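Participant: For the sequence shown, the residue numbers in the numbering used here are 533 to 1038.
Derived from the structure by calculation, the hints contain no laboratory data.
Here the structure is a predicted model, which is why all the values come from computation and not from measurement.
Virtual Cβ for every residue (Gly too), placed ideally from N, Cα, C.
Keep in mind that a hint or two might mislead.
Now the in silico label distances, taken between C-beta atoms and shown as ranges [unchecked claim]: (1) 713 with 609: 52 to 60 Å; (2) 713 with 637: 40 to 48 Å; (3) 732 with 890: 36 to 44 Å; (4) 876 with 818: 18 to 26 Å; (5) 823 with 865: 28 to 36 Å; (6) 609 with 917: 35 to 43 Å; (7) 581 with 860: 28 to 36 Å; (8) 788 with 707: 22 to 30 Å; (9) 717 with 621: 25 to 33 Å.
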Amino acid sequence: MTGRRGALREFARLVAAVALVVGASLTAATPTLAADPVLPRPTATVSFLAHIEFTGQATLSGGISRLEIVIDLQGSGRSYVAELAVPNDTGSVELGYIFDTSSGSLFPNTNVEAHFRATLDDGSVVRGPTVSVRYEDTRLDWTVRTGEFVTVHWTAGGAAFGRRALEIADDAVREVTDLLGVRETEPIHFYIYASNDDFYDVIGPGARENVGGEAHPDIRTLFAQISGSQIDDPWVASVVPHELTHLVFDTAVANPYHYPSRWLNEGLAVYLADGYTVGDRFAVEAAVASGSLLPLTALTGQFPTKTQFGLAYAESASAVDFLVREYGQPAMVKLVRSFADGVTDDEAFEASLGVDVAGFEAAWLADLGAEPPVPYGPVDAPVGPVPSDWVGEGQVPGPVDTGSPGATRAPTAPTPGADGGGDATALLVALLLAGLATAGAGIWMLRRQRAGEADTAAAVANAASSAATASPAHLEPLEVERPPDDAAHDAAHDAADDAADDATGP
């Protein structure tokens, strides 16, 4: 009995020992999983018209295949992603990125968000917290005043200037929102620059020289250049409502699919701020008389420059004026609001006015007493001469004759005696000369090669004889003479080629 108990104890100790060994082996064989990186909320430092610097202290533990910073600009709808170098070190690591703004493409009052992002070796993604910073024009000492709809920022002219600017802005927004039946719930900011240079620094190097104000609906901001003494000038009471109309128009038509034509947007802004003025009417009538009227289809995007710049605005105001006179103001409002459904221009016009865009334009031109403008752009090429050998029983393929001027001149007929017989003779002579030149050069090179081989053999024998008494340091490699310059050979070929070219012609 005692022996059996002892055996059992020994067996139990054996099992425990085996379990301990197996457990230790499993523990050793199981890899230790690296902890996920800890990404910081970036610190953003703005240097206006230079850059935004993002920095942060991360805790990394390896296993990272890609490290990035993701930057989102207010109103862009797209993310800017920049790859960062993955540090070799682990532990606490400084991350940083400089976002360049020196090109002037980032406007003041734009909200910028950024976060760091890491992709691990297993494909999983770790995202850090987001920082939000407003890109402000910190060069100037701004005075700020907020009204019902608009917040005005200005630097010159004192309190009276700011009050008057805010009055004009709020009145404009109120009038347009009442007309279009929309509500403005998001803040609108109005930055007034007294200096023309400061203003153009903001709107960018690609801006035109005659711009006095710009509206940016994506950031709900208006920029204008008005000196401290100009607030009561008539043009101020025009440019401010004009630009703010664009912001309300954007609210009325907002959709992710289709934006209305520019002529409708600008025409409404001109019409509501100034009406169809005598100056615009004169410009349109002069264009009708001279046949230089621009079609509305040419005014769907960016407006032209120079002399046609003003005409584009005048025509836009004329078209909106006709729309209101012919179809009524409710139809105009219905047209604008219908774009919020993401419909096409034709769909919006047909639903609101009963005609498509082409039908509306034809009615507008008829009201002006204007002929349809001649379209600019690619036209069919004129029909050129067709060689007689190509003409068969069927129709000769080619472009349809559009009656365009400038027919291509027919090629000159070949002169008598210059037919294929003479060309063939010259070609044979040229080929014969080329063959003789090649053969002669080959024989000369073969002889030269054999002579070189004999000289080389003698030199090797002499070197082997002297090697018995010379120290290794005195041995020099044998120089094998290269073949002579093949200039004569190349010249012969060139002469033959030239002769062949002369014989065959271009």
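Participant: Taking 28 to 36 Å as the hint, is the beta-carbon distance of residue 823 and residue 865 inside that range?
Facilitator: holds, 34 Å
Participant: Can the suggested window of 40 to 48 Å be confirmed for the beta-carbon pair residue 713 and residue 637?
Facilitator: violated, 34 Å
Participant: Can the suggested window of 36 to 44 Å be confirmed for the beta-carbon pair residue 732 and residue 890?
Facilitator: Holds: the Cβ-Cβ distance is about 39 Å, inside 36 to 44 Å.
Participant: The hint says 25 to 33 Å between residue 717 and residue 621; measuring C-beta to C-beta, is that right?
Facilitator: Roughly 49 Å apart at Cβ, these two residues miss the hinted range, so it is violated.
Participant: Lying within 52 to 60 Å: is that true of the beta-carbon distance residue 713 to residue 609?
Facilitator: violated, 26 Å
Participant: For residue 581 and residue 860, compare the CB-CB distance with the range 28 to 36 Å and indicate the outcome.
Facilitator: violated, 48 Å
Participant: Honestly, do residue 788 and residue 707 meet the 22 to 30 Å range at C-beta?
Facilitator: Taking Cβ atoms as reference, residue 788 and residue 707 lie about 28 Å apart, which means the hint holds.
Participant: Is 18 to 26 Å respected by the C-beta to C-beta distance linking residue 876 and residue 818?
Facilitator: violated, 33 Å
Participant: Okay, residue 609 versus residue 917 on CB: inside 35 to 43 Å?
Facilitator: violated, 54 Å
Hint compliance for this structure: hints 1, 2, 4, 6, 7, 9 are broken, all remaining hints hold.
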